[in-house]
Amino acid sequence: MSKDAKKTLLTCTIALVLVVVSTASAEQRGRSDLWPLKRQQVLTGTYTGQLTSYTQDCQTVRAELFLSMPTPSRNMQRYTLKTTCIAGNQLNRPPRTITGAWDMDEASGSCLVLNFMDVDDPMVGPNIYGFAVEEDPLPSDHKHPIYVLAQDGHNCHSGRSPEYDDKMLRRVR
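Read left to right, the sequence shown gives residues -26 to -1, 1 to 147 (mature numbering (1 follows the signal peptide of the UniProt record, and there is no 0)).
Check each hint, because a few of them may be wrong.
As a list, the in silico DMTMM-like pairs of lysine to aspartate or glutamate whose alpha-carbon atoms are at most 20 angstroms apart [said to hold, decoys possible]:
id	residue 1	residue 2
1	Lys141	Asp110
2	Lys12	Asp79
3	Lys141	Glu108
4	Lys56	Asp77
5	Lys(-24)	Asp31
6	Lys141	Glu109
7	Lys141	Asp31
8	Lys56	Glu38
9	Lys12	Glu109
10	Lys56	Asp31
11	Lys12	Glu108
12	Lys141	Glu38
13	Lys12	Asp77
14	Lys56	Asp140
The calculated label-pair distances, taken between Cβ atoms and stated as ranges, are [claimed, not checked]:
id	residue 1	residue 2	range
15	Ser(-25)	Asp139	54 to 62 angstroms
16	Glu109	Gln33	25 to 33 angstroms
17	Gln33	Pro111	19 to 27 angstroms
18	Asn66	Glu109	36 to 44 angstroms
19	Lys(-24)	Lys12	54 to 62 angstroms
20	His118	Asp31	36 to 44 angstroms
21	Asp140	Lys12	27 to 35 angstroms
22	Glu80	Arg52	27 to 35 angstroms
Simulated from the structure, these hints should not be mistaken for lab results. For every residue, glycine included, the Cβ atom is placed at its ideal position computed from N, Cα and C.
Required output: the full structure, derived from the provided sequences and hints.
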């Protein structure tokens, strides 16, 4: 290979590396800017719908999820999740209520994650549900978009598999 060809190859390689690195860092910057803490405020409120249960003894639950933002006395976003088994072995059990912290996982896109450690079941946790945050396709009178939380495994790595197609929570207030 001639000296000029080597120089051209080296220059092209360096240019390609710079393009890839700058594109990746721009994507990373854009991704982390999707849901800054200030914007997460629009997700607070109450959501209802059906979910695939994170426990083995129930297949599907009716769920009511309340999301709140940090207050001066608490420094993290909190949630309260009330579930009632509607398919599986625990149909006659009373509703279950759990609380914990929630956060946004931008590495997986717009993923809202509910964190929970079950002291009675060490196999549960640290994340029990992951939700893809999507704009609600239903028409609304609101000036700003309304979001739905579409279940996507426990940490948004399922790729929205078909088992979760009807598992979503809609905001009610």
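**Prompt:** So does glutamate 80 sit 27 to 35 angstroms from arginine 52, Cβ to Cβ?
**Reply:** Because 20 angstroms falls outside the window, the suggested range is violated.
**Request:** Given the hint that lysine 141 pairs with glutamate 38, test it: the Cα-Cα distance must not exceed 20 angstroms.
**Result:** OK: lysine 141 and glutamate 38 at ~13 angstroms, within 20 angstroms.
**Message:** For lysine 141 and glutamate 109, compute the direct alpha-carbon distance and say whether it is at most 20 angstroms.
**Reply:** holds (15 angstroms)
**Item:** Satisfaction of hint between glutamate 108 and lysine 141, Cα-Cα up to 20 angstroms
**Value:** holds (13 angstroms)
**Message:** Please verify whether lysine 12 and glutamate 108 have alpha carbons no more than 20 angstroms apart.
**Reply:** OK: lysine 12 and glutamate 108 at ~18 angstroms, within 20 angstroms.
**Prompt:** Between lysine -24 and aspartate 31, is the straight-line Cα distance small enough, at 20 angstroms or below?
**Reply:** violated (70 angstroms)
**Asked** Honestly, do aspartate 140 and lysine 12 meet the 27 to 35 angstroms range at C-beta?
**Response** Holds, since aspartate 140 and lysine 12 (Cβ atoms, about 32 angstroms apart) stay within the stated range.
**Asked** Taking 20 angstroms as the top limit, are the C-alpha atoms of lysine 12 and glutamate 109 close enough?
**Response** holds (18 angstroms)
**Asked** If you draw a straight line from the CA of lysine 141 to the CA of aspartate 110, is it 20 angstroms or shorter?
**Response** holds (14 angstroms)
**Asked** Can the restraint linking lysine 56 and glutamate 38 be considered satisfied, given a maximum Cα separation of 20 angstroms?
**Response** holds (5 angstroms)
**Prompt:** Measuring from beta carbon to beta carbon, are serine -25 and aspartate 139 in 54 to 62 angstroms?
**Reply:** holds (59 angstroms)
**Asked** Does aspartate 31 lie within 20 angstroms of lysine 141 when you go C-alpha to C-alpha?
**Response** Since the Cα atoms of lysine 141 and aspartate 31 sit roughly 18 angstroms apart, the hinted pair holds (cutoff 20 angstroms).
Comparing the model with each earlier hint shows violations of hints 5, 22; every other hint is respected.
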